[in-house]
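Enquirer: Sequence:
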Amino acid sequence: MSDLKVDGFKSSEFIAALGTAFAAYSEDEKKAQIKKTNGIFELAVTNEAGQKETWTIDLKKQGAVTKGPSPTKPDIVITLSDETLTDLANGKTSGQKAFMSGKLKTKGNIMLATKLDGVLKGAKAKL
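Convert by adding 180 to the 1-based position in the sequence shown; the result is the number in the working numbering.
Please keep in mind that the hints were generated in silico from the structure rather than gathered at the bench.
Okay, the calculated beta carbon distance ranges per label pair:
1. D208 - Q231: 32 to 42 Å
2. A229 - D208: 35 to 45 Å
3. D297 - K241: 19 to 29 Å
4. S281 - K211: 34 to 44 Å
5. N289 - K211: 12 to 22 Å
6. T200 - Q276: 18 to 28 Å
7. E209 - T294: 14 to 24 Å
8. T294 - Q242: 17 to 27 Å
9. T294 - K272: 12 to 22 Å
10. S206 - K301: 17 to 27 Å
11. K241 - A204: 16 to 26 Å
12. G230 - D208: 38 to 48 Å
Quick list of in silico lysine-lysine cross-link-like pairs, DSS-like style, CA-CA up to 30 Å:
13. K277 - K253
14. K285 - K247
15. K215 - K277
16. K295 - K283
17. K216 - K287
18. K216 - K295
19. K232 - K272
No experiment lies behind these values; they were computed from the predicted model shown. Built from N, CA and C at the ideal position, the CB exists for glycine as well.
Take the sequences, apply the hints, and build the full model.
Expert: Printed below as a string of structure tokens:
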């Protein structure tokens with residue numbers, strides 16, 4: 181899953197670990213996570229240098245993390261900085277706090293965004 185890492189993006193370490201955690205799920209765990217979440221998240225991340233990278237968390241069909249935009253229409257696009265994603269991954273902030281402070285923007289099914297914290301915590305527990 182090292183193809184998920186991108187130089188200059190601290191959060192890509194976590195994205196790669198998330199991909200590893202999803203790959204380690206049994207078929208039953210993957211199906212349960214897909215059933216519980218039922219959505220495709222597209223993360224549009226900008227680092228301090230202004231570079232942009234996109235990752236897709238597919239919890240609708242595949243139960244996988246990929247680099248690049250979703251091949252099908254995502255249910256939600258979440259735009260945030262590399263620092264904010266790193267803080268979310270480390271539990272230093274929540275998606276709700278980041279959204280309310282303007283550090284995280286969404287386009288699409290905002291209710292699905294509320295499930296992202298649970299997805300991150302669940303995968304982190306597998307690591």
